[in-house]
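Engineer: So the protein sequences, as listed, match chains A and B. Just so we're aligned: the first sequence equals residues 1 to 615 in the UniProt record's numbering. Just so we're aligned: the second sequence equals residues 1 to 390 in the UniProt record's numbering.
No wet-lab data here; the hints were simulated from the structure. Watch out, some of these pointers could steer you wrong.
Once the Cα atoms are required to be at most 27 Å apart in a straight line, the calculated DSSO-like pairs of lysine-lysine come out as [as the list claims (entries may be wrong)]:
(1) Lys560/A <-> Lys610/A
(2) Lys569/A <-> Lys11/B
(3) Lys569/A <-> Lys240/B
(4) Lys409/A <-> Lys381/A
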Amino acid sequence: QEKLDMSTYPVESIRNFSIIAHVDHGKSTLADRLLEITGTISKTDRNKQVLDKLQVERERGITVKAQSASLFYNHEGINYLLNLIDTPGHVDFTYEVSRSLSACQGVILVVDANEGIQAQTVANFYLAFEAQLSIIPVINKIDLKNADPERVEKQIEKLFDIPADECIRISAKQGTNVEKVLQKIIEKIPPPQCNTADPLKALVFDSSFDHYRGVVANIALFGGEIAKGQKIVSAHTKKRYEVNEVGILTPNEQPTRKLYAGQVGYLIAGMKEVTEALIGDTLFLYKQPVEPLPGFKSVKPMVFAGMYPIDQTEYNNLKSALERLTLNDSSVTVHRDSSLALGAGWRLGFLGLLHMEVFNQRLEQEYNMSVILTAPTVPYKAVLSSPKLIKEYGKNQITIINPAQFPDKLSVSEYLEPTVLGTIVTPHEYIGKIITLCQDRRAVQKDMMYIDENRVILKYLFPLNEIVVDFYDALKSLSSGYASFDYEDAGYQSADLIKMDILLNGNPVEELATIIHNDKAHAAGKLLCERLKETIPRQLFEIAIQAAIGKKIIARETLKAYRKNVVAKCYGGDITRRMKLLKRQAEGKRLMRKIGNVEVPRDAFIRILKRETGK
Amino acid sequence: APCPQWPYCRKRCSYCSFNTYVVPAVDEAAVRACLVREARTLLRLSQVHSVTSVFFGGGTPSLASAGTVAAVLEAVAGAAHLPAGAEVTLEANPSSTSTRRLAGFRAAGVNRLSMGVQSLDDAELRMLGREHTAAQARKAVEAARELFPGRTSIDLIFGLPRQSLDAWAQQLEAALRLCDDHISLYQLTLERGTALAAQVRGGALPEPPQDLLADMYRTARHVLVAAGFRHYEVSNFARKGALSTHNLSYWRADQYIGVGPGAHGRFVPRAEGGCSREARVQTPEPGAWMQEVQSRGHGTRSRLVLNPLEQLQELLALGLRTDEGITQERWAHFSPQLSLQAVFGEPGEARALQHEGWLVLDSGGLRCSWAGLAVLDSLLPDLLWQLQRR
Numbered sequence: 001q002e003k004l005d006m007s008t009y010p011v012e013s014i015r016n017f018s019i020i021a022h023v024d025h026g027k028s029t030l031a032d033r034l035l036e037i038t039g040t041i042s043k044t045d046r047n048k049q050v051l052d053k054l055q056v057e058r059e060r061g062i063t064v065k066a067q068s069a070s071l072f073y074n075h076e077g078i079n080y081l082l083n084l085i086d087t088p089g090h091v092d093f094t095y096e097v098s099r100s101l102s103a104c105q106g107v108i109l110v111v112d113a114n115e116g117i118q119a120q121t122v123a124n125f126y127l128a129f130e131a132q133l134s135i136i137p138v139i140n141k142i143d144l145k146n147a148d149p150e151r152v153e154k155q156i157e158k159l160f161d162i163p164a165d166e167c168i169r170i171s172a173k174q175g176t177n178v179e180k181v182l183q184k185i186i187e188k189i190p191p192p193q194c195n196t197a198d199p200l201k202a203l204v205f206d207s208s209f210d211h212y213r214g215v216v217a218n219i220a221l222f223g224g225e226i227a228k229g230q231k232i233v234s235a236h237t238k239k240r241y242e243v244n245e246v247g248i249l250t251p252n253e254q255p256t257r258k259l260y261a262g263q264v265g266y267l268i269a270g271m272k273e274v275t276e277a278l279i280g281d282t283l284f285l286y287k288q289p290v291e292p293l294p295g296f297k298s299v300k301p302m303v304f305a306g307m308y309p310i311d312q313t314e315y316n317n318l319k320s321a322l323e324r325l326t327l328n329d330s331s332v333t334v335h336r337d338s339s340l341a342l343g344a345g346w347r348l349g350f351l352g353l354l355h356m357e358v359f360n361q362r363l364e365q366e367y368n369m370s371v372i373l374t375a376p377t378v379p380y381k382a383v384l385s386s387p388k389l390i391k392e393y394g395k396n397q398i399t400i401i402n403p404a405q406f407p408d409k410l411s412v413s414e415y416l417e418p419t420v421l422g423t424i425v426t427p428h429e430y431i432g433k434i435i436t437l438c439q440d441r442r443a444v445q446k447d448m449m450y451i452d453e454n455r456v457i458l459k460y461l462f463p464l465n466e467i468v469v470d471f472y473d474a475l476k477s478l479s480s481g482y483a484s485f486d487y488e489d490a491g492y493q494s495a496d497l498i499k500m501d502i503l504l505n506g507n508p509v510e511e512l513a514t515i516i517h518n519d520k521a522h523a524a525g526k527l528l529c530e531r532l533k534e535t536i537p538r539q540l541f542e543i544a545i546q547a548a549i550g551k552k553i554i555a556r557e558t559l560k561a562y563r564k565n566v567v568a569k570c571y572g573g574d575i576t577r578r579m580k581l582l583k584r585q586a587e588g589k590r591l592m593r594k595i596g597n598v599e600v601p602r603d604a605f606i607r608i609l610k611r612e613t614g615k
Numbered sequence: 001a002p003c004p005q006w007p008y009c010r011k012r013c014s015y016c017s018f019n020t021y022v023v024p025a026v027d028e029a030a031v032r033a034c035l036v037r038e039a040r041t042l043l044r045l046s047q048v049h050s051v052t053s054v055f056f057g058g059g060t061p062s063l064a065s066a067g068t069v070a071a072v073l074e075a076v077a078g079a080a081h082l083p084a085g086a087e088v089t090l091e092a093n094p095s096s097t098s099t100r101r102l103a104g105f106r107a108a109g110v111n112r113l114s115m116g117v118q119s120l121d122d123a124e125l126r127m128l129g130r131e132h133t134a135a136q137a138r139k140a141v142e143a144a145r146e147l148f149p150g151r152t153s154i155d156l157i158f159g160l161p162r163q164s165l166d167a168w169a170q171q172l173e174a175a176l177r178l179c180d181d182h183i184s185l186y187q188l189t190l191e192r193g194t195a196l197a198a199q200v201r202g203g204a205l206p207e208p209p210q211d212l213l214a215d216m217y218r219t220a221r222h223v224l225v226a227a228g229f230r231h232y233e234v235s236n237f238a239r240k241g242a243l244s245t246h247n248l249s250y251w252r253a254d255q256y257i258g259v260g261p262g263a264h265g266r267f268v269p270r271a272e273g274g275c276s277r278e279a280r281v282q283t284p285e286p287g288a289w290m291q292e293v294q295s296r297g298h299g300t301r302s303r304l305v306l307n308p309l310e311q312l313q314e315l316l317a318l319g320l321r322t323d324e325g326i327t328q329e330r331w332a333h334f335s336p337q338l339s340l341q342a343v344f345g346e347p348g349e350a351r352a353l354q355h356e357g358w359l360v361l362d363s364g365g366l367r368c369s370w371a372g373l374a375v376l377d378s379l380l381p382d383l384l385w386q387l388q389r390r
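For reference, chain A alone in the conformation it holds in the complex:
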């Protein structure tokens, strides 16, 4: 197979760009059209979300893994190489988005002609703006009945300070004006500023795992050239590799002889695990180190969830499924964990709620595994004041993931909780309800501004744990789906945290302990006690269900004893059936967890601990 020669594309003929947009505004459809027009893929009806290869991406209409595609386009006699760097479409992947953007010189900002600017439009705009990229605003879906491009252009002007006449009105679905977009890319986005004569400097902006060939890293060259046989080094891990193959994506892999500065493609170099191809890392030639590209960050999980097999016999299957899935997703952190109620499992760290859901969905769809996912928790911190503990941990600030690790108030000078800055874009009629919701979640308003006569942007500082469970659902629900939400990490703040214990007849149930803010403890405790009352089966004695902070009881429910529990009839025909049921119950005794003298079936724990599925 003849390898492509990329030397025919000098830096001046290269344009590196990305398409950014709010969910469902047509990013992927526009990508499909661009691929078609440039002949990269043939024009057929079946071109829908071509770059979204994962089933979950296609189903949810989102992009999870960034793909790039190199397009060839002739404009006014010149052959241009246009590198489309696809980005994950969700805030959970802000870091990935920012790394992909650092490989670009411009972006196409797609906005739905009816919906107008939404939360992620804003978030993505700022990312591009801060990266100092050229921004080409594109108003999409003009073919639809309710399209109001003029209104959207005014929003763009007001919010982003981009003149309305710079907007291109298109219909990605029908292909209207899409060619104009290509031309604008060439005209307005500058070529990359780099030199093939410089030493090799390549940015890794994504990676995937191929069973036969190993890790495939998506790279963008900021200087020099790269070819098979060369020896390269990772700036972060310091490991050395030999290049097996380089190429471009069209969007399938196409090997080339070399890749040159300013170009984007892929690299295979004998890396065994995706954790060796870290997003944001810099690669250079052996013995020719360069200044690493800025902005590299280690993965920081924002949301944790416990994952357990439905039955302990499935443990090994789940273990290998997790291993294979994380092969391709280096941003999930995995720790082994065990629960007295649910057995052996893991505590997984995700970049956000969507990341967690997508992961779970992929586990189900691609590996056919059903799991128990416990309610999401966030990493709290404590600043220790006790010398003994400081010595034990080796540092004076610790991260607490598991309530069992929660250090006592006396040993701590300050507790901290993670916060995020949330952006809500909503029609103005819902402002009141939304403000109430945010206040209810201990959020502090940072900004409020009208985009146009109808819509408002609200910015609130939220404690992360107040939004991980069901904030998004509540927001959508009280705004009839019209409000949108986006958030970014905003560091830690001091918090009045406590550990809430659950007691059954005075005995603590370890698995149900939670770390919670003092203000919310009473309500949460009451709710939990009520749920337990409904889930724990009645027994021969009364059961006092209590929520406590230290020695103080803050909520209580009583589960009365059984006074009658015997089947009325037991003659001939009933006996066989009865025995079956009784024998099953006797077997069930094996799986009972005994807290003091209270028997709690595993099923009850699962119902209390697992994440409410609402979406």
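Start from chain A and add chain B according to the hints.
Structural biologist: Just chain B now, kept in the frame of chain A:
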């Protein structure tokens, strides 16, 4: 103890989930012939010498003719020894029990009558889908008591949707004025697939609260005991010694032979060389059952050998339903090596339950306390688990 089944009714009651069929016409002669044939075949198979009791159940046995009852009894007497004093019970519906009919049954050999009264309140009877009124039920019981004095039993159901504790107490009083020396009191069980269960599930009728049911049961026990009844099984009360011999054979894990569609049995098929107790079921659907009986003498759909542990499990679960519980001798019959003491006397679940006052284990045997009987199903899983480990 043969248990012939007459699996036909005139209509299905709203709470009934038994193996019974409502058909426009029954070929009584054919059914009779099959009952007779199967009774003979199975009695011979069991090699039982002497029969202690016969129980005609179903369906509505009082819809059969006296001639059928007579024929079955004759067949039983022909295949084994049926002593003159053996208990022969017929279940009856108030709507098919005129004095004439009852006399016919008595002449055929029935000497005990179980009347399905269910309720003495007309509204409740309608909710239950019964064919008769309270007045008719009263008349039927009185007729039965004339013909079977001291050997008439009535069935009552409590815990109906919307039934109050007071209403139940009043019914108990009324029942006491009417009854003979045996009462069976059943808490309503909403079986899946019945019309009544569907009504409750759909919300048309309220589900009776657990605590109210407990109160009704407790009231019934106290009232009946005060009136001289012995509470000898979870749902059965008798005075002047009028216990049901036949039902006791279930709870003592004696042998019983089910005859007829859907009948259940527990016996050892000695004639085939069997030496283990088997759990047997006859084919439920009457048409299919008759064909099988005609072609090979009996319509046994399934038979399962019960291993020693399973036999003990049944003995435990059933025996504890009676006030006598499981005697040392009865236990020894099924477990010659391990006595009750050996299994349940060691530190473990049974001991704990004893300390809490739910069970009694002594030289007489193992039985529930007065309070324990009401919550037996909460005790059994623990005891079965302990038995299994041993």
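Engineer: Tell me, which hint numbers fail for this structure?
Structural biologist: none
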